[in-house]
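Position 288 (the sequence shown) corresponds to 287 in numbering that gives the first Met the number 0; numbering is contiguous.
It cannot be assumed that every hint is accurate.
[What the hints assert, rightly or not] Below, simulated PhoX-like cross-link-like pairs (lysine-lysine); rule was C-alpha separation at most 20 Å, straight line: (1) LYS430 <-> LYS132; (2) LYS356 <-> LYS143; (3) LYS350 <-> LYS240; (4) LYS153 <-> LYS225; (5) LYS234 <-> LYS356; (6) LYS153 <-> LYS195; (7) LYS195 <-> LYS206; (8) LYS195 <-> LYS146; (9) LYS157 <-> LYS146; (10) LYS434 <-> LYS131; (11) LYS319 <-> LYS297; (12) LYS131 <-> LYS146; (13) LYS286 <-> LYS309; (14) LYS52 <-> LYS73; (15) LYS194 <-> LYS146; (16) LYS319 <-> LYS199; (17) LYS158 <-> LYS146; (18) LYS146 <-> LYS476; (19) LYS309 <-> LYS287; (20) LYS356 <-> LYS219; (21) LYS132 <-> LYS143; (22) LYS328 <-> LYS199; (23) LYS284 <-> LYS344; (24) LYS240 <-> LYS286; (25) LYS207 <-> LYS219; (26) LYS240 <-> LYS328; (27) LYS207 <-> LYS319; (28) LYS287 <-> LYS240; (29) LYS48 <-> LYS356; (30) LYS35 <-> LYS82; (31) LYS234 <-> LYS286; (32) LYS328 <-> LYS350; (33) LYS286 <-> LYS297; (34) LYS434 <-> LYS132; (35) LYS206 <-> LYS350; (36) LYS207 <-> LYS356.
Treat the hints as calculated values from the structure; they're not laboratory data.
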Amino acid sequence: MALAGQLSGTPVLILKEGTTRTQGKAAQRNNIAAAKIIAEIVKTTLGPKGMDKILVDSLGDVVVTNDGATILEKIDVEHPAAKMIIEVAKTQDDIVGDGTTTAVVLAGELLRKAEELLEQKIHASTIISGYKKALDMAFEVLEKNAKVIDLADKATLKKVVKTSLGSKSLGFATDHIADLAIEAVTSVIHERDGKKVADKDDIQIVKKIGKSLMESEVIKGIIVDKEVVHSAMPKRVEDAKIALVDAPFEIEKTEFSAEIRIRDPLKIKEFLDEEMNILKEMVDKVKKVGANVVFCQKGIDDAAQFFMAKEGILAVRRVKKSDMEKLAKATGGRIVTNLEDLDEKDLGRAKLVEERKIGEDRMVFIEGCENPRAVSVLVRAGLERQLDEAERSLNDAIMNLITLVSDNRVVPGGGAIETEISRYLHSNAGKFSGKEQLAFLAFAEAIEIIPRTLAENAGMEPVEIMAELRHGHDNGKATLGVDVIGGKVSDMWSLGVIEPVKVKQHAIRSSFEAASMILRIDDVIAATKKKEEKGKKGGEEETPEF
0 MALAGQLSGT PVLILKEGTT RTQGKAAQRN NIAAAKIIAE IVKTTLGPKG MDKILVDSLG
60 DVVVTNDGAT ILEKIDVEHP AAKMIIEVAK TQDDIVGDGT TTAVVLAGEL LRKAEELLEQ
120 KIHASTIISG YKKALDMAFE VLEKNAKVID LADKATLKKV VKTSLGSKSL GFATDHIADL
180 AIEAVTSVIH ERDGKKVADK DDIQIVKKIG KSLMESEVIK GIIVDKEVVH SAMPKRVEDA
240 KIALVDAPFE IEKTEFSAEI RIRDPLKIKE FLDEEMNILK EMVDKVKKVG ANVVFCQKGI
300 DDAAQFFMAK EGILAVRRVK KSDMEKLAKA TGGRIVTNLE DLDEKDLGRA KLVEERKIGE
360 DRMVFIEGCE NPRAVSVLVR AGLERQLDEA ERSLNDAIMN LITLVSDNRV VPGGGAIETE
420 ISRYLHSNAG KFSGKEQLAF LAFAEAIEII PRTLAENAGM EPVEIMAELR HGHDNGKATL
480 GVDVIGGKVS DMWSLGVIEP VKVKQHAIRS SFEAASMILR IDDVIAATKK KEEKGKKGGE
540 EETPEF
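Generate the whole structure from the sequences, applying the supplied hints.
Structure below.
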């Protein structure tokens, strides 16, 4: 369709031929419908009794997961509004690592409620204004019901982690994975500007197929997925003094093309001997400062390897930059970019550096670092799909704990805090009037989608559960939530179902922002896409469907 206007009887073409334009209510309806479909896809994965999805990509690779962020990342979405909802999940996953399904399901429900209000001729701006007031009040409820926990209390930390892992397919290994996450995060906590922080970059996750999940372990150091460069080098070094070098143990080539003409055969030998001397001097420099292990970010020449082996130095080459940085944090060493600057004080320390065979690969383990500021988690599993899911689960658990380090407050899970927010909003709706009050109440009803979905996914009767939950919260029992394992309404604190405040705050805020952005759109102008297909001449113009 070409957008045209009339100017003195002559049509004026504004947009390219084939461009589609959807306006007003039709645009809003299409966008809301797309967002609701995305929410419906992940809705059944919410909670410990949520179902898994099997995703098959264009190459035939299979992923089995119930992780909201992974599902939305893997599916190929065309609709622009649907992409916005997926962006919500991605942001939630990047910042707090959990609550992705909650954020997407809530965004879909907020838009469903908004659609009902739009049908009643309430303007989108009024709906957004009412939602914003409800959001501010929801944050007040979170603040009021939050409890501060001690980061040294590992039993409470485990409750938080197990709540996060409750929906994962880990089975009997859930406790073990929770313990690994706690050990890894508590090892890298440090103070910055007077505040405790933990950085995800300081925790390396290495996954290798073979053995069982129960044999996964935390290494108080780093695992380098490389092997020792020379067979004559030692494969095990105790009381290691480690040189971290970001410079090649090779003869540097000139930056410009050069040609050396040698007429005397003896000169060739001198030339080659000089190269050997340069490489030997490099190795001698390493030996002189007392290093017995070398991790090199660049290459190591064959001759340099021979000299290192002769000196009993264990060397690894072409180590990734990220691994070099983790090694520096773990061993206390300093990465040097010029061998001439290498000094004894630049060396890192570790009780043991050893090459081990893990599965089909050889890897170098650096263990026994004093006060390591970087650690590794070696994840094992018998199946590749199980290994991938274990890695995703561990990542969620670690991110949950890192979030807790920055803000050590928790709220009851199992839909308890959402029900309390809904109750509080309903009791305060009288402070607002007119159409804004309708939007305010719509937010209060929408947030109940979380406990309702938890009940539905557990095979419980959602109407009865919601009635019981509301009755309990109206009588001051703010910690009542959906016990999906017991199939009833229970006190979440006593069950140990708790979640970080920051995860909830971010999920509610992200869902509101996504819903607001989609509601503000009243015009979708889509250019044509050209696609070449076999058996067709040239490229055909296809218009995306909305």
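Outcome of the hint check:
no., hint, result
1, LYS430 <-> LYS132, "11 Å, holds"
2, LYS356 <-> LYS143, "53 Å, violated"
3, LYS350 <-> LYS240, "9 Å, holds"
4, LYS153 <-> LYS225, "34 Å, violated"
5, LYS234 <-> LYS356, "11 Å, holds"
6, LYS153 <-> LYS195, "16 Å, holds"
7, LYS195 <-> LYS206, "28 Å, violated"
8, LYS195 <-> LYS146, "18 Å, holds"
9, LYS157 <-> LYS146, "16 Å, holds"
10, LYS434 <-> LYS131, "14 Å, holds"
11, LYS319 <-> LYS297, "9 Å, holds"
12, LYS131 <-> LYS146, "25 Å, violated"
13, LYS286 <-> LYS309, "11 Å, holds"
14, LYS52 <-> LYS73, "11 Å, holds"
15, LYS194 <-> LYS146, "19 Å, holds"
16, LYS319 <-> LYS199, "17 Å, holds"
17, LYS158 <-> LYS146, "14 Å, holds"
18, LYS146 <-> LYS476, "16 Å, holds"
19, LYS309 <-> LYS287, "14 Å, holds"
20, LYS356 <-> LYS219, "18 Å, holds"
21, LYS132 <-> LYS143, "17 Å, holds"
22, LYS328 <-> LYS199, "13 Å, holds"
23, LYS284 <-> LYS344, "14 Å, holds"
24, LYS240 <-> LYS286, "10 Å, holds"
25, LYS207 <-> LYS219, "18 Å, holds"
26, LYS240 <-> LYS328, "14 Å, holds"
27, LYS207 <-> LYS319, "18 Å, holds"
28, LYS287 <-> LYS240, "12 Å, holds"
29, LYS48 <-> LYS356, "38 Å, violated"
30, LYS35 <-> LYS82, "12 Å, holds"
31, LYS234 <-> LYS286, "18 Å, holds"
32, LYS328 <-> LYS350, "15 Å, holds"
33, LYS286 <-> LYS297, "19 Å, holds"
34, LYS434 <-> LYS132, "13 Å, holds"
35, LYS206 <-> LYS350, "24 Å, violated"
36, LYS207 <-> LYS356, "11 Å, holds"
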